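Chain B: place on chain A using the hints.
Chains A and B, in that order, are what the protein sequence lines are. Terminal number for the first sequence in this note's numbering: 103, no gaps in between. Terminal number for the second sequence in this note's numbering: 1430, no gaps in between.
Read the hints as simulated data drawn from the structure, not as lab findings. Watch out, some of these pointers could steer you wrong.
[Said to hold, decoys possible] Here's a subset of chain B near chain A, in silico, CB distances under 8 Å, partners left out: (1) M1013; (2) A1016; (3) N1020; (4) N1021; (5) L1025; (6) N1030; (7) V1034; (8) I1244; (9) S1248; (10) S1319; (11) E1326; (12) P1327; (13) I1335.
None of these values were measured; they are calculated from a predicted model. For glycine and all other residues, C-beta sits at the position ideal for the given N, C-alpha and C.
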Amino acid sequence: MIKILLACSSGMSTSLLVQKMEAEAKERGIDAEIWAVAQDKAPEDMKKADVLLIGPQMRFMKKKFSVTADEVGIPLDVIDPVAYGRVDGKAVLDKALELTGKN
Amino acid sequence: MDKFMEMLENILMPLAEKLNNNRYLSALRNGFMVALPMIIFGSIFVVIANLPFLDRVLGEDGFSAYQAALGPASEATLSIMGLFVIIGIGYKMVEQRGGEAIYGGVVAIASFLIMTPQIVEEVGGVIPTDSLGAQGMFLGIFTAFISAELYHLFVRKNLTIKMPEGVPSAVSRSFSALIPVTITLTIFLAVRILFSFTGFETVQNFIYTLVQQPLTALGSGLPATLIAVLLIQVFWFFGLHGQIIVNSVFDPIWYSLNDENLAAFQAGEELPHIVTKQFLDTFIVGIGGSGMTLAVIICIFVVAKSRQMRDLAKLGGPSGIFNVNEPVIFGLPIIMNPLVMIPWLLAPVVVAAVTYFAMSVGFAPRPAGVIVPWTTPALLSGYLATGNNLMGAVMQLINMGIVFVIWFPFVKLLDKQYYGEEMSAAEPAN
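Looking at chain B on its own, in the form it has when it is part of the complex:
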């Protein structure tokens, strides 16, 4: 067993390091981090716009006027989150290399807009907001990577205009970006023109059809989701931060699915997806943290007699409510502990499958596309993530029950062991 564990860790450690430190993935993670305040702001106003009972208080006309007044908040942020992610990626890509980061962000945005359709139903000078949100997500990410790389390459090749001495540095800096930006954007314009001669017409259409749709279709399915959930648990079992490693690959897919649900939710249509960013954050992780340990803490309070476990539950309880559970993971301990390996790996997978099933048959509501900060306590987060639906909280309660039942025998087993140790330590040696 020890040998096997050692072997696995020897595979996982370098993998975690590679994924976490990969230039592109770390820029992507930062891109989403830059967008997050905007996303949360938009989410707050989606929640406020859809508060329960308001339609009855305000009447039909009043309610739609109220919703229309609040609409721009999410339209300008959550619905076009791709834009903020792109700025973040471009900025970070150039910053990592020690260049003028702001130009990385700006050149990424401009490249993306060049690749974006600028005509809607034969009206020119219009950019459809769809293409700045879910639909343009993958194109945006690729464009940001490539444009920032190109910009930096041209800066490094010294394709800049040299200013004579005495010119203020701010002035010469603004010129130093001129040639790299011009060449980069010209390349993207050429690509756009080339694509207009193909059957896809726009690059966005090309990427969406050939890359984004297949990937999101795969990512929204149960098998890929269960694998992602299991992988996160395996990484954490070795004490490695599972989400930061797995999410950096899955986030573009989960966020795109999320935005598609949001669009449907705001249009009052049926929500197309079950698996979204919030499916994982709210119904799997957001019930006490990775592995949903809030139910484990409750289980310890109910059955444990050993001081060690009760102390741990007291220590991990308050932070566990806000989904920070490192005390439980490292303190129980869960890491490298063969006694709890089965419930640790099994519970989230079972919960993911049950939640998926409950949402597909319509027992529980699907995530409405609202992004809830991951530190939001369980029950409240379930209610908010499903567009103010109490059944979202009920689903979380059921999930807690599942975790509780799966963990119960193992908590007893662990407690028996600790209690025995404590008793024999307390007895005077004869």
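Same shape as in the complex, but just chain A:
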């Protein structure tokens, strides 16, 4: 089971990605819980997640989120802009697996 949290300004555009990532995870038979939240909810939800991925348009939040991520002990990164633009569920899922060392 892997729990992947996505965050952007209001959780709208990342939720587009959630659907694609869920489809990809299902196809590969990976048990995954993937959800998107607005930036202000992210620190709270990080406690329930294995990894945090940030929408590239909010990449300036990485520093602030890193503090909480270190406390909770989960990895985080900014989603690659190209993968984000293509709503590439496969690439972003790979990224999440790589960050958690589950690939």
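What follows is chain B alone, placed relative to chain A:
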């Protein structure tokens, strides 16, 4: 060019981080977020109360009874939105510091009400609702910041009553807020009394005259609006969320202007402002998202031959209808792409100027103060935002046309490049 871009990004990134993470601005953003459901609820009933043709169906008396019956919905929410923003700010300010957030919200409300006039035309015990809406917006925001800071300061200084062991924690918590709240509110009461000796009479009057009026006058003008619109585009060009950065500064102004239009709309008077929250959300951003990319998607469907662009338009189309356009911004890509920099920066500025002009000469209706959620599709949002006026939708259609024309040569150029790449990749190498 690369050097210049790098330099700009090195300025914009820290700026975005600072503005987004600033304690006050982030509390302000949250304050408006807390108020939003109330604002939308009120807006829905303004729309229902002003449905077209109803005045003819119900007759004059029936229609005014119908409007009077629905009136309290927006009077209790949209018209006094300042109250909800204040609770939200006070709550978030204290929550950020790990204190008892609810007291932050309550102390902010009480401080604000202490600073508010409590007499209307010599009738005491009355709070004019005007002062809880547009007019009190800035005072409310300042009061919420200061009262929450003071409350938290006094809690941190340990100015609390210590309860002996064995007292239930809920009981001792209620006492722990007592002294900080009392001191904070006393300070505000003293300020109120001091101001009653000045020519301004109330603090609200003071802030309104010296801060809010000049700022909203500036913010409702075309130059400031064009700068805000351009700034949003510049931030997005570097892939940074423009609205979240710029709006946190402009929202208090845009929402106050909005509420003033609403008051005029409900009183059946001429709408005083063109630039309001909805001017930007509906006529600039709300046509496909930042940069109004719905017209760009349509343009791609009309002229593009390359698979890459057509695929992108298919991917970005459905979400674009609801004004979510990250696929287009990051996928076309628009970010850091010198080929599309000109239309990206230019189109929204031109649209803002044209819309402003069209509204000032009365061709298009001004925003009526109804707040339409930003995910509402174009045309519908234009109709609703102008108080159920079809010309609002027509204005959006014209704006789409403008974006289409400005982008057209650049979409062709980009398509030619992608198409060429695709063709040469498909040809077997000899």
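Quick check: which numbered hints come out false for this structure?
-> 5, 7 and 9
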